[in-house]
Amino acid sequence: MQSAAVDLPDASDEPLTEAVVDLVLRGMWRGRPASEHRPLVDAGLATVKGPVLLPTERAKSAVARLLRVPAGSEQEKLITAAYEAFLPVNRKIRDVCTAWQCRPDGTANDHSDDVYDAGVRESLEDVHEAVQPVLRRLDRVLAGSGRYLTDLEDALDRFDDGGPQWLASPLCDSYHTVWMRLHQELLLVLGISRAEDEAREEELVTRGRG
Amino acid sequence: MSVTDREAAPTPASGTPLLSPGTPGRILVPYGQGRIRGLDADELGAHGAAMDGLVALGLPVVPGLTVPAAAAASLCEPATAEAAVELVEQLSGRRIGDVTRPLLLRLSASAPTEIAGLPPDLACLGVAPGTADDLCAVIGQADALYEVWAATVRVIAEHALDVPGALLDDALLDTPRSAERVEVLLSLVAEHGSRPFPDAPAQQLALAARALLARWDSPRARRSRRAQRLPADLTLALHVQALRIGPADHSGYGTAVSRDPETGRLSAQGSFFRGVRRSAPPPHRGEPLDRLAGGTALLEHSLLTLERHLSAPVSVDFEVRDDEISLLAASAQLRPPLRASVCLAADLARDGALGQEAAVRRITPAQVQELLHPQLRLTGGEELLVRGLPASPGAATGTVVLSSERALELAADGTRVVLVAAETTPADVPGMLAAAAVLTGSGGIASHAAVVARGAGKPAVCGAEGLRLDRAAGTVRFGERVVREGDPISLDGRTGAVYAGTLSVSVAGPPPELSTLLTWADDIRRLGVRVNADTAAEVETALALGAEGVGLCRTEHQFLGERLPLIRRVLLAADPTARDEALVALERAQHEDFTALLAAVGDRPVTVRLLDAPLHEFLPAPGEALDAGEEQRAAALREANPMLGLRGVRLALLHERLYPAQAEALFTAWADVAATGIRPELEVMIPLVSLPQELATVAAYVRDAADAVAARTGVEVPYRLGTMIETPRAALMAAELAEHAEFFSFGTNDLTQLTYGFSRDDVERQVLASYQERGFLTASPFARLDPHGVGALVGLAAERARSVRPGIKLGVCGEHGGDPESIAFCDGLGLDYVSCSAHRVPVARMAAAHSALRARDDTGGSTR
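Residue numbers (the working numbering), protein chains in the order written: chain A, 1 to 210; chain B, 1001 to 1864.
None of these hints come from the bench; they were simulated from the model. Please read all numbers here as calculations on a predicted model, not as lab measurements. Cβ atoms here follow ideal geometry from the backbone N, Cα and C, with glycine treated the same way.
Which chain A residues face chain B? A few, computed with CB under 8 Å, are given here: (1) 50; (2) 54; (3) 97; (4) 115; (5) 118; (6) 122; (7) 137.
Residues from chain A that face chain B, not an exhaustive set, calculated with beta carbons under 10 Å: (8) 27; (9) 52; (10) 103; (11) 113; (12) 120; (13) 129; (14) 133.
Quick list of the computed label-pair ranges, beta carbon to beta carbon: (15) B:1859 with A:172: 46 to 52 Å; (16) B:1620 with A:171: 38 to 44 Å; (17) A:171 with B:1290: 42 to 48 Å; (18) A:91 with B:1250: 26 to 32 Å; (19) B:1504 with A:72: 52 to 58 Å.
So here's chain A without its partners, still in its complex pose:
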């Protein structure tokens, strides 16, 4: 990670940098602020809004600059290739989360049907199998991204241990929450906007229709 020291008070302050990047990728922190959050608030990088801690606009731009790999570089090309393999699977995980939350007719899934839920778990397994080669490839070109696979597997283990919220609840580090964070990092690293991201995903999925 480049410590370009753009807007951070202390360029060599690793913990502070890590903390602000983590907060921006997460989007927020709920619950009692941890010890690393106090310095962020003091440095003007985070604000407390009721029960949550949010990154400031300044923090978001700083992190975007920090994470961005040099445009046109070899690294960018390699990460882009992994990103393009990621997108079709990204489409699928959302379908899986949707299937978990509601039945095909749109009604809420009350989890009374073991067979239906097991079917969703199977689709989740397909997604997890599909994303592993992508994440293995990504880990070779984007330092630190290996933890996403670990975090996804953690969430999956907890889900299998009987915690249904570990698939898609926004209130914990569920599979979907970790996935969103991974996606967010890819976008910041490659400097791609959400609108472009959606267009690319649509294109790649359409192209794969056969």
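Given the structure of chain A, go ahead and fit chain B onto it with the hints provided.
Okay, now just chain B, sitting in the frame of chain A:
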């Protein structure tokens, strides 16, 4: 009897060839032959049994055969595989090598019941690099074939030829195009596999069988079986089907269900795709069924036949070959859309195919609630801003906010906000959680916003086209229409509609077929269903939903709006004269309210609860009093624990003119309404009684009021006097109370608080979730009546009261009156009615019917 002992019997009608004994082909069971051989789903698998059923119904099926579960492993052997290939060729009238009318094979598996976690279908067996071009020429496009072929090779390579999965995945990552993928996979197999990939169809089939069975034995499949509580050693039946290859514009595959999900009416719904069928549904939408070149008549006939046969909405998979449809699979929809189930139940009952009771049994109270979800009340004059995609169910109305921060700020003050965003990122999640609803310009039912909104139980509309946000200007454009941050907006997450302004959210009336079922339910149930309603409007809504009367009218609600100053004047009056003036004004206002209410109730029962509100709801906040004197008097009345203090009957005994004023207003209103020909069955109820003397004293006030009205108007108003049972003491003193009360209504909300010693607001916030996690509670005792504690008190009170006054009417008017399990409990105690909020009335009717049916089942009696 083992399947290998039997010989296939020739059936002249189908012309199936006789398989001579001693050949491996003996164990193969063509579709339609299972029943004759005495085989059922345990051996044939759900698919084999279903195909047998379709053949028996005379419906067209894809040619194929089943290898019964006990013998499935034998398909891995060359001899059996050869026999299978030969038999499918005979059944389909085609040969694999034929260039003009080509044939390939598909291998699939099924278990005795519909389960999840089956290995994927392996299609395109029989194709080889040498024949691929000819096949593509016939189909007219290459991709369809290659994609499926590549998927099949991938599975066989990993699970039957020992090529490491990671190696295959890595190679595939670098090879996006299907045709190249096949090449890459085949060469990986040649290099790393236990043998090169064979060209001969029978050998491919044998390997495919090996791969499916290996996949069934994998850790992931074992986990899936565990999760579904299936035996670990469950065996699968295998099915070899004919894949008749034809030109893409006359061939394809598709699915259809028998009913329209919106209306529930019988109508083929589905889509079809061109090309070769894959295991997973393709990512794109497919074409509507009316584009099928051969028409949908055969399909509809099949669906109708199957519905009657299975007595449920059905779902079919079909293939199209030369514009002709054959069925590939058919089953009852596992969880059909509710309206479809209800319509079918009503249809079958009307046709006499199903009894009314059986029809009522099919729809649960929870499903009734599903069908009556809150909607925006549309009058026709609303301004529709946009119609997006329904992403998360529910209806909501609120102030537009354009950022997560703003959402959090306003929500902290208690304002309902609707978060409007062009996109969603993790930073938007806190805003979404704080908002009442979410609206996005992009995405759909599977977008991140939708996933998060549903996870948080918030209504959401996504994919609203033409939405343009301008955060700097604080506006959002819907096409030409500009809405500012801070303007009100309403949306319906089920229809996708977004309207300007604040619409009221209300419950829709039941669709006609549900009304029919509910009428039948009314005939079955014993327990009465009344409504908790405070105004004429609420009464009207409830009566339309089937309520038999008003079980609770909370008179204090009439004081919590513009009438609040009136009650304040009574309580804080400086002297008796001022107080009496205030009482007169109060009486007049109440008379107005009661007249409207009684007129709406008609001749039905109506239970009016005299004033019960804790003092703090009526007193002005510190500093808000009209003058210093009032401030002082208000201060003197403030309490440490208002919910347990001067309220209910206690307040009435200390301000003795209060109940007489209310009662006189009520009786006068009754007399006025009776003059128009309407005679409601009036019940007057006293709240928060714990001592029989409280009830006796207040009963006298009410009697005196009735006498006063009789003297004034000449009308003797008929009424019953009763009491709320909402404290433990009242329940225990039920016998003594029954001497003065002609009816009881159990106020289970307060009774639950007082029996557990729970302050509801506080424990809901801090304790209940933890107790549920620990398994101390399965549900909140405020939602579901606690049968062991609170329920025991209710039962005891009922028994004691009946010992003194055998015909005493007993009802429940807490929130529990709308909960199906609580209703069943009350029914079991023999209570007379439950009373619930208007939108729960249909659920209560259905729940009471189900409870009666269950009781009948348990005692073994039946009036069928």
